[in-house]
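Protein sequence lines correspond, in order, to chains R and X.
Following this note's numbering, the numbering of the first sequence begins with 5 at its first residue and continues without gaps.
Following this note's numbering, the numbering of the second sequence begins with 5 at its first residue and continues without gaps.
Simulated from the structure, these hints should not be mistaken for laboratory data.
One should not assume that every hint holds.
Note: identical chains are not told apart, hence a pair may lie in one copy or across any two.
As the list claims (entries may be wrong) - Derived DSBU-like pairs: lysine-lysine, alpha-carbon spacing no greater than 30 Å straight-line: (1) 169 / 156; (2) 366 / 442; (3) 210 / 366; (4) 156 / 197; (5) 442 / 197; (6) 423 / 20; (7) 169 / 210; (8) 169 / 442; (9) 156 / 337; (10) 423 / 337.
Number of protein chains: 2
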Amino acid sequence: MTNINKLNETHDLTLKSWVTSANQANSDFPIQNLPFAIFRRAGSNEAFRGGVAIGDQVVDLACVAENKLFSGDAALAAQACTQPTLNQFMGMGSDYASALRLALSRALREGADKSLESCLLAQSDIEFELPATIGDYTDFYTSIHHATSVGKLFRPDNPLLPNYKWVPIGYHGRSSSIGVSGQTFHRPVGQTKAPDAAVPSLGPCKRLDYELELGIYIGQGNEMGDAIALDDSDDHVFGFCLFNDWSARDLQAWEYQPLGPFLAKNFASTVSPWIVTLEAMAPYRTPWTRDVADPQPLPYLESETNRHQGAFDIKLEVLIQTEKMRNEKQQAKSVSLSNFSYSYWTVAQLVAHHTVNGCNLKPGDFFGSGTQSGPEPEQAGSMLELSCGGKEAIDLGNGESRTFLNDGDTVVLKGWCQKEGAARIGFGEVSSTVLPAKI
Amino acid sequence: MTNINKLNETHDLTLKSWVTSANQANSDFPIQNLPFAIFRRAGSNEAFRGGVAIGDQVVDLACVAENKLFSGDAALAAQACTQPTLNQFMGMGSDYASALRLALSRALREGADKSLESCLLAQSDIEFELPATIGDYTDFYTSIHHATSVGKLFRPDNPLLPNYKWVPIGYHGRSSSIGVSGQTFHRPVGQTKAPDAAVPSLGPCKRLDYELELGIYIGQGNEMGDAIALDDSDDHVFGFCLFNDWSARDLQAWEYQPLGPFLAKNFASTVSPWIVTLEAMAPYRTPWTRDVADPQPLPYLESETNRHQGAFDIKLEVLIQTEKMRNEKQQAKSVSLSNFSYSYWTVAQLVAHHTVNGCNLKPGDFFGSGTQSGPEPEQAGSMLELSCGGKEAIDLGNGESRTFLNDGDTVVLKGWCQKEGAARIGFGEVSSTVLPAKI
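Let the sequences and hints guide you as you build the complete structure.
Structure follows, in structure tokens:
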């Protein structure tokens, strides 16, 4: 296996690209990043295919394959990226992803022969599709701050359940309604029951919320019955994206017991188009710790490697742009800043736990991290938390305020890694807009 | 739309087939049934393709298409069934399924020209695959008897939650581990916590259970945002099968709060190979009633048609065959007999509820009905109920008994419809076997 969690020449901070937009200090997509997406020219009938971001351009991998610009494993990987989804490429495993990354890094560096130039398109001219056919989507619940805050609202007497600190809590979500950034959806309709009402009623959701999550794509899968050991999990994770897991809080409160969320969560979920590979994240691995007062993990969720570098330092931000802001050409308003390193469980622990019972993962399967709220109130990853269950309005700074989302509101999630001594690794953004209910 | 819920010439009780095994009184597959599967010759490298059961034979639909034996919509439908899954055929809608059924019924009748004879294979010589790529699997909870019994065990003070009689409770399940009859799987490993233990531990499941369910395949899907009205649901249901939703009760008890079952359910689930179409079920539609003391459904779950013929009279049986029984050539022991007509919610209500929030269903998506326990203790659809939470052993009649499943146990589910004045409509069976834990 390629050691994708160690630094190598592709991470070298001094590397510059002959695609000069990639060298700007604030670019999400320097030559050290090289995230993957599925795209085609906007408005065209072209086949969707794989691409890699560099600065404000995208490398068309179908073009790379057709022109035989790479050789060996990198060529095989590029060939797999000519498909309309990345599932086949993801399933080839980290050796192939790493070989393609290295070939791209070398071909895009200052001084390289610019043979890739004819395969570049401007990102402003493309449109995206879902990067993978998601066979199964699992949503986790890894922020103890979110779990505690939400628990207080749904179960005041019993906010954090006794299993939370032992079990990486997760549940299966709906894959059919996952869309890529730009997704719009109608405000969901459903049953709700006000605390003082005798009976429930059907109507548009009154407490529509976003959830700030990290998305995780599975690479190589496992056979049914074969658990993935904690320290092997890197070989089964392709990469990360941003994920907005829209939630209808009033539907959720009425329906979720005893079998969990259903219609409150399955009407829409939105992913960012670019997938940052696990290898690109190597400089941003950080130690994972567990408070000494808390139970330490069972052995299948515990290792030196996981303690040493199981967490990731990924900054996460939520912005809201109302219809009024759009009409008045105002920027979206930032309402929350959090970090994935606050997660109570690591991605490796999620993989190990998900498969310990023999459950099989397939290439392109998707995990949501769960809402990534930090320890401070202003780091909350949902409006449910920011508005204290709808009791305190969130000031949007332009005379508008919200407790939950209005029709016409656009929610934008951003993510990036940045620190001294390493290149900025950006996730781009995921943006989607609420349309009025269809009732 | 074809009126697939009305009786037509394909249901005529007096019809006989020139495939004489179909005319035996106890055949699951008379000419009035004509269920679909995906198959190939056992042990061959042939491509999997669609087939229809008639007596002890299967009509090879790839052969029918290749030889152009049908015309019009039936020919188009047969062509779609040359694929290795039925998703495309399911997505064509009930008009096409109905046209193919009618063409098959006419071609297989006594007196027909036997042009199909060269497309028949013995069922004893074939093997099956999953009939569809299941994009999303939703498990419901439609038996109030099961919900109440299990609720008493998990929540003695609060067995049936206040939402049960208003909301058709469901949750998303795992599709990657769904297999077809003949599936074997290793006893799952997972975290459990005994009531008297200070901390949880990892180990093989000690309370492994089956669940007797009806499976429902979606035909034509709906666009995101467009709810399917209750009385339109027949146009979106392809047909029914038997479904065993294996459950690890000790894992479930520890993990399921607050987001529902996860590893307790996603290690394996098994479907029967044959899908009985909704049209074949027309003679067995029955009125659906709601106890007058119970809340009546909200308007989106209420209609004359649903009251008149929303339920289905389908007999369901569970049998266990232990390793000892197999070694001693003993038949499987019947442990439970139930009926889908006990369901608190109809299939049409499940479809209407699932989509009322705008959630999109796709062809080949799958619903589990939830465990179909009847009102009497011996009609329970799980061992958890039959053994009163593991407290009372189930006598298997050969000196063996069980509270939960042992390694080597095979569980067989059977289903059939039978009454005066209509042909027997059989579902065949689903059978699968527990292997020892891999730990």
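- request: Give the relationship of residue 169 and residue 210 under a CA distance limit of 30 Å: within one copy only, between copies only, both, or neither.
  value: Between copies only: 23 Å across, 32 Å inside.
- prompt: Between copies, within a copy, both or neither: which fits residue 169 and residue 156 at Cα up to 30 Å?
  reply: both (16 Å within a copy, 26 Å between copies)
message: Cα distance capped at 30 Å. Does residue 423 pair with residue 337 within a copy, between copies, both, or neither?
response: within (24 Å within a copy, 66 Å between copies)
Alpha-carbon proximity context of residue 423 and residue 20, limit 30 Å: Within one copy only: 18 Å inside a chain, 78 Å across chains, cut-off 30 Å.
- request: Indicate which option fits the pair residue 366, residue 442 if close means a Cα-Cα distance not exceeding 30 Å: within, between, both or neither.
  value: Between copies only: 20 Å across, 35 Å inside.
message: With identical chains, the pair residue 156 and residue 197 could be close in the same copy or across copies; at 30 Å between alpha carbons, which is it: within, between, both, or neither?
response: Classified as both; 19 Å inside a copy, 24 Å across copies.
Intra- versus inter-copy proximity for residue 366 and residue 210 (alpha-carbon distance at most 30 Å): between (37 Å within a copy, 28 Å between copies)
query: Between residue 156 and residue 337, at a C-alpha cutoff of 30 Å, which is it: within one copy, between copies, both, or neither?
result: Answer is within: at 27 Å inside a copy they meet the 30 Å cutoff, but 49 Å across does not.
field: Alpha-carbon proximity context of residue 442 and residue 197, limit 30 Å
entry: within (20 Å within a copy, 46 Å between copies)
query: Which holds for residue 169 with residue 442 at a C-alpha limit of 30 Å: within a copy, between copies, both or neither?
result: between (41 Å within a copy, 26 Å between copies)
Hint check: no violations occur; every hint is consistent with the structure.
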